[in-house]
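A.B. asks: Under the working numbering, the letters of the sequence shown match residues 1 to 191, in that order.
Don't read these hints as lab results, they were simulated from the structure.
Heads up, some of the hints might be wrong.
No more than 16 Å apart at the CA atoms, straight line, and that leaves these computed lysine to aspartate or glutamate pairs for EDC-like [said to hold, decoys possible]:
no.: 1; residue 1: Lys-28; residue 2: Glu-68
no.: 2; residue 1: Lys-163; residue 2: Glu-74
no.: 3; residue 1: Lys-13; residue 2: Asp-155
no.: 4; residue 1: Lys-28; residue 2: Asp-95
no.: 5; residue 1: Lys-13; residue 2: Glu-53
no.: 6; residue 1: Lys-142; residue 2: Glu-42
no.: 7; residue 1: Lys-64; residue 2: Asp-85
no.: 8; residue 1: Lys-13; residue 2: Glu-47
no.: 9; residue 1: Lys-22; residue 2: Glu-67
no.: 10; residue 1: Lys-107; residue 2: Glu-67
no.: 11; residue 1: Lys-13; residue 2: Glu-179
no.: 12; residue 1: Lys-13; residue 2: Glu-126
no.: 13; residue 1: Lys-43; residue 2: Glu-74
no.: 14; residue 1: Lys-13; residue 2: Glu-177
no.: 15; residue 1: Lys-107; residue 2: Glu-68
no.: 16; residue 1: Lys-22; residue 2: Glu-179
no.: 17; residue 1: Lys-13; residue 2: Glu-161
no.: 18; residue 1: Lys-22; residue 2: Glu-47
no.: 19; residue 1: Lys-142; residue 2: Glu-74
no.: 20; residue 1: Lys-107; residue 2: Glu-126
no.: 21; residue 1: Lys-28; residue 2: Asp-85
no.: 22; residue 1: Lys-64; residue 2: Glu-53
no.: 23; residue 1: Lys-64; residue 2: Asp-84
no.: 24; residue 1: Lys-163; residue 2: Glu-137
no.: 25; residue 1: Lys-107; residue 2: Glu-47
no.: 26; residue 1: Lys-28; residue 2: Glu-42
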Amino acid sequence: MIYYLMGKSASGKDTICRALRKARPDWKGLIPYTTRPMRSGEKEGAEYHFVSERELQRLREAGKILEERSYETEFGIWRYASVDDGRIGRAGGGDYLLIGTLESYRKLRGRFGEGQLFPLYLELPEELRLERARRREEEQEKPSWTEFWRRFSLDERDFSEEKLREAGIVRRYRNLEWEACVNEILADTAS
Numbered sequence: 001m002i003y004y005l006m007g008k009s010a011s012g013k014d015t016i017c018r019a020l021r022k023a024r025p026d027w028k029g030l031i032p033y034t035t036r037p038m039r040s041g042e043k044e045g046a047e048y049h050f051v052s053e054r055e056l057q058r059l060r061e062a063g064k065i066l067e068e069r070s071y072e073t074e075f076g077i078w079r080y081a082s083v084d085d086g087r088i089g090r091a092g093g094g095d096y097l098l099i100g101t102l103e104s105y106r107k108l109r110g111r112f113g114e115g116q117l118f119p120l121y122l123e124l125p126e127e128l129r130l131e132r133a134r135r136r137e138e139e140q141e142k143p144s145w146t147e148f149w150r151r152f153s154l155d156e157r158d159f160s161e162e163k164l165r166e167a168g169i170v171r172r173y174r175n176l177e178w179e180a181c182v183n184e185i186l187a188d189t190a191s
């Protein structure tokens, strides 16, 4: 099974993902690749593999890209991709915990089949997301408020109720308190 964690910006995806990995070390990870610059506090290979356009192109040519998406930012185009590790979605490959967007969830569901993915959609009241995101942006060496607002406005479109319905997202996990949210996810995913 592929457990797929997603939610709007600042909904707590990275925090929940770390807690789930600690609680379920048997769930394998597939760290996404990105061409965006590393943020303050990020480490290569923790939440992302930071690669150049050229490195991403080599992975494309090798047929390793499972899904890819691009975003036009104030800094240029940033790409994100899930890269095949040779085991994911295959018999005997084990369970995985992935983190991404609704768009990437739909692409992977199309590739592996609906029965292979278990959606974990995080939600949080907008005012709390806004406060978390504002604090995170202020911690950056060079805060970019244009990029901050771009992400927030795109989230409203990318995670609209219509798109959530089309993707078959029914269950939602409210991340008001991360430990309770993790426990709820663990209860729903117990095998």
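A.B. asks: Work down the list of hints and note, for each, if the structure agrees.
C.D. replies: Each hint, compared with the structure:
no. : hint                : verdict
1   : Lys-28 <-> Glu-68   : violated, 20 Å
2   : Lys-163 <-> Glu-74  : violated, 25 Å
3   : Lys-13 <-> Asp-155  : holds, 14 Å
4   : Lys-28 <-> Asp-95   : holds, 6 Å
5   : Lys-13 <-> Glu-53   : violated, 25 Å
6   : Lys-142 <-> Glu-42  : holds, 15 Å
7   : Lys-64 <-> Asp-85   : holds, 8 Å
8   : Lys-13 <-> Glu-47   : holds, 10 Å
9   : Lys-22 <-> Glu-67   : violated, 26 Å
10  : Lys-107 <-> Glu-67  : holds, 6 Å
11  : Lys-13 <-> Glu-179  : holds, 13 Å
12  : Lys-13 <-> Glu-126  : holds, 15 Å
13  : Lys-43 <-> Glu-74   : violated, 23 Å
14  : Lys-13 <-> Glu-177  : holds, 13 Å
15  : Lys-107 <-> Glu-68  : holds, 9 Å
16  : Lys-22 <-> Glu-179  : holds, 12 Å
17  : Lys-13 <-> Glu-161  : violated, 19 Å
18  : Lys-22 <-> Glu-47   : holds, 14 Å
19  : Lys-142 <-> Glu-74  : holds, 13 Å
20  : Lys-107 <-> Glu-126 : violated, 26 Å
21  : Lys-28 <-> Asp-85   : holds, 10 Å
22  : Lys-64 <-> Glu-53   : holds, 15 Å
23  : Lys-64 <-> Asp-84   : holds, 5 Å
24  : Lys-163 <-> Glu-137 : violated, 27 Å
25  : Lys-107 <-> Glu-47  : violated, 20 Å
26  : Lys-28 <-> Glu-42   : violated, 20 Å
Hints 1, 2, 5, 9, 13, 17, 20, 24, 25, 26 from the list above are not met by this structure, while the remaining hints are.
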